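Visitor: The primary structure of each chain is shown beneath.
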Amino acid sequence: MSLVVDIRHAFGGFALDVSFEAPAGITALFGRSGSGKTSVVNAVAGLLRPREGRIVVEGETVFDAGARMSLPPHRRRLGYVFQDARLFPHLSLRQNLTYGLRFAPRGASGPSPEEVAELLGLTALLDRRPGALSGGEKQRVAIGRALLSRPRMLLMDEPLAALDAARKAEILPYLERLRDRTGLPILYVSHAVPEVARLATTVVVLDHGKVVRAGPAERVLSDPDMVRQIGVREAGAVLPAVVTRHHADGLSELELSGGRVFLPAFDLAPGERTRVRILAHDVILSREAPVGLSALNILPATVIALREGSGPGVMVQMQCGEDRLLARITRRSADALALAPGVGVHAVIKSVSVARIDIGGG
Amino acid sequence: MTGWLGPEEWQAVGLSVKVAFWATLLSLPPGILAAYALARWEFRGKQLLNGLIHLPLILPPVVTGYLLLMTFGRRGPVGAWLEEVFGLVLAFRWTGAVLAAAVMAFPLMVRAIRLAIEAVDPRLEQAAATLGAPRWAVFFTVTLPLILPGVIAGSALAAAKAMGEFGATITFVSNIPGETRTLPSAIYSFMQVPGGEAPALRLVAVSVAVALLALAASELLARRAARRISGT
Numbered sequence: 000m001s002l003v004v005d006i007r008h009a010f011g012g013f014a015l016d017v018s019f020e021a022p023a024g025i026t027a028l029f030g031r032s033g034s035g036k037t038s039v040v041n042a043v044a045g046l047l048r049p050r051e052g053r054i055v056v057e058g059e060t061v062f063d064a065g066a067r068m069s070l071p072p073h074r075r076r077l078g079y080v081f082q083d084a085r086l087f088p089h090l091s092l093r094q095n096l097t098y099g100l101r102f103a104p105r106g107a108s109g110p111s112p113e114e115v116a117e118l119l120g121l122t123a124l125l126d127r128r129p130g131a132l133s134g135g136e137k138q139r140v141a142i143g144r145a146l147l148s149r150p151r152m153l154l155m156d157e158p159l160a161a162l163d164a165a166r167k168a169e170i171l172p173y174l175e176r177l178r179d180r181t182g183l184p185i186l187y188v189s190h191a192v193p194e195v196a197r198l199a200t201t202v203v204v205l206d207h208g209k210v211v212r213a214g215p216a217e218r219v220l221s222d223p224d225m226v227r228q229i230g231v232r233e234a235g236a237v238l239p240a241v242v243t244r245h246h247a248d249g250l251s252e253l254e255l256s257g258g259r260v261f262l263p264a265f266d267l268a269p270g271e272r273t274r275v276r277i278l279a280h281d282v283i284l285s286r287e288a289p290v291g292l293s294a295l296n297i298l299p300a301t302v303i304a305l306r307e308g309s310g311p312g313v314m315v316q317m318q319c320g321e322d323r324l325l326a327r328i329t330r331r332s333a334d335a336l337a338l339a340p341g342v343g344v345h346a347v348i349k350s351v352s353v354a355r356i357d358i359g360g361g
Numbered sequence: 000m001t002g003w004l005g006p007e008e009w010q011a012v013g014l015s016v017k018v019a020f021w022a023t024l025l026s027l028p029p030g031i032l033a034a035y036a037l038a039r040w041e042f043r044g045k046q047l048l049n050g051l052i053h054l055p056l057i058l059p060p061v062v063t064g065y066l067l068l069m070t071f072g073r074r075g076p077v078g079a080w081l082e083e084v085f086g087l088v089l090a091f092r093w094t095g096a097v098l099a100a101a102v103m104a105f106p107l108m109v110r111a112i113r114l115a116i117e118a119v120d121p122r123l124e125q126a127a128a129t130l131g132a133p134r135w136a137v138f139f140t141v142t143l144p145l146i147l148p149g150v151i152a153g154s155a156l157a158a159a160k161a162m163g164e165f166g167a168t169i170t171f172v173s174n175i176p177g178e179t180r181t182l183p184s185a186i187y188s189f190m191q192v193p194g195g196e197a198p199a200l201r202l203v204a205v206s207v208a209v210a211l212l213a214l215a216a217s218e219l220l221a222r223r224a225a226r227r228i229s230g231t
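Those sequence lines, one after another, are chains A and B. Going by numbering that gives the first Met the number 0, the first sequence opens with residue 0, and the numbers climb by one from there. Going by numbering that gives the first Met the number 0, the second sequence opens with residue 0, and the numbers climb by one from there.
Derived by calculation from the structure, the hints in this document are not laboratory data. In this text the structure is predicted, and so the values were computed from the model without any measurement. Errors might be hidden in some of the hints.
[What the hints assert, rightly or not] So, partial list: chain B residues that the calculated Cβ filter (under 8 angstroms) puts toward chain A:
(1) Ala128
(2) Leu130
(3) Pro193
Built from N, CA and C at the ideal position, the CB exists for glycine as well.
Construct the entire structure; sequences and hints are all you get.
Guide: Right, here's the structure in full:
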């Protein structure tokens, strides 16, 4: 385990009671604002001292209330990327990037400042001051700065929340590269489902200061019980996929465990692994194999469970190969199709409905 | 240049500059520490410390000088100890003038630096800590550079105050030519003797010039430092 958190804390009428384990890869702390995500990250970083519990990073106890021990932040060796970059205004970008380097233990190895600047596309900016940078550039410097302090783990508190869609799209590939190239464990706080679906290997869902769900990203995000946290609009399944080929008509073909799907062309090479996210409201269900339909993506599936909400809708969870799919349909349709656990269906997905930002490497 | 000021007048100007320089320099470390403590720490007796620092600003300077004499005079508790242990005598010496000027200028310096520290975003210091910087390193690499304009402004204020300190100085160390006769004491002395109006006037002119010069220099330095930390 990269990180073991088991803490309890109370402040201003809010009770935090959080316990989870984060394996290697990106662990997303997911929840609405006010659910206690930032408090958890601050406790891990040493900026908040919980009343009770313990925190273990890569086998080393950094906090143990019972033993009255708490390593100060500077000795925890955790790189923290704040939502608001927090670059040092009096230092150049180069000096910002290398700030943590001089405090890192002598034996610690890791990428050089040049490699980090290259990885994050900052090489041309190094002699600038932070004042003139765009939000996206600042956040990239903040990530590089944390990376160069030779941390055992990266903590990221909504690093993209303050950015517009274009800047987000600019940074996401860097985060993926970070995950895939450095192998550094990352604790990633977010309330944005697309981000989590694209980046996370593990998801821990917080609600009112408590962990309500934790597990592999595909499982947690495809869980119909998550609809309350995620919201009906964003609910959907995340499925691992392999790129098989690119067609001349502008579509790319992907192999899922339960069949193949076509998506608008993207730039991953055949053979590469990725993920697709299929939103529940983009899925239509049919008992028979549909014929004469314009939709290209039809996956055979078996209903696992139906979950009714307060409205006229029903969330249908299905097994599709080794993975799970979610569909949101009306209760009337569910009755008409006599949907029940064990029933075989065909899930119809419009290929254009899977947005580019929902395709991630991994 | 030397022609328009008499040797006695040069002596007073030189002494004042020397006293102001040392008073400012020696006040800086405790001044920054006190400002940091008042701005950032919560401790018992914080208001007492705050009051004590500001006392010379409110007390009649003669009272401050008298208290200094009682404490740091050769028979005073601290003064006797200083003489016995370090052989350092303050009363009626230029070193005592430095102490008097420093005490009087201290609240002005602390005020300016405290304001600067309060303006520093503690989240930047947190960020430095998460990057592995111990507390002292955070102070020297983040806090101090960011408060530099305030430190410069505070030092300029303190130096100007030290140059012009009169009441506490004359009470504590008297008005001895060449030893403790600073600019204001010299002006006062010249005014007491017939025919002293001309040299007094010349020293007044020097005082005004030095004050303006110090103000302009500090303004320039502070502006440069502020530009540096604005991040552009």
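Visitor: Confirm or reject each hint.
Guide: Status of each hint after checking the structure:
no., hint, verdict
1, Ala128, "4 angstroms, holds"
2, Leu130, "4 angstroms, holds"
3, Pro193, "57 angstroms, violated"
Going down the numbered hints, you'll see the structure goes against just number 3.
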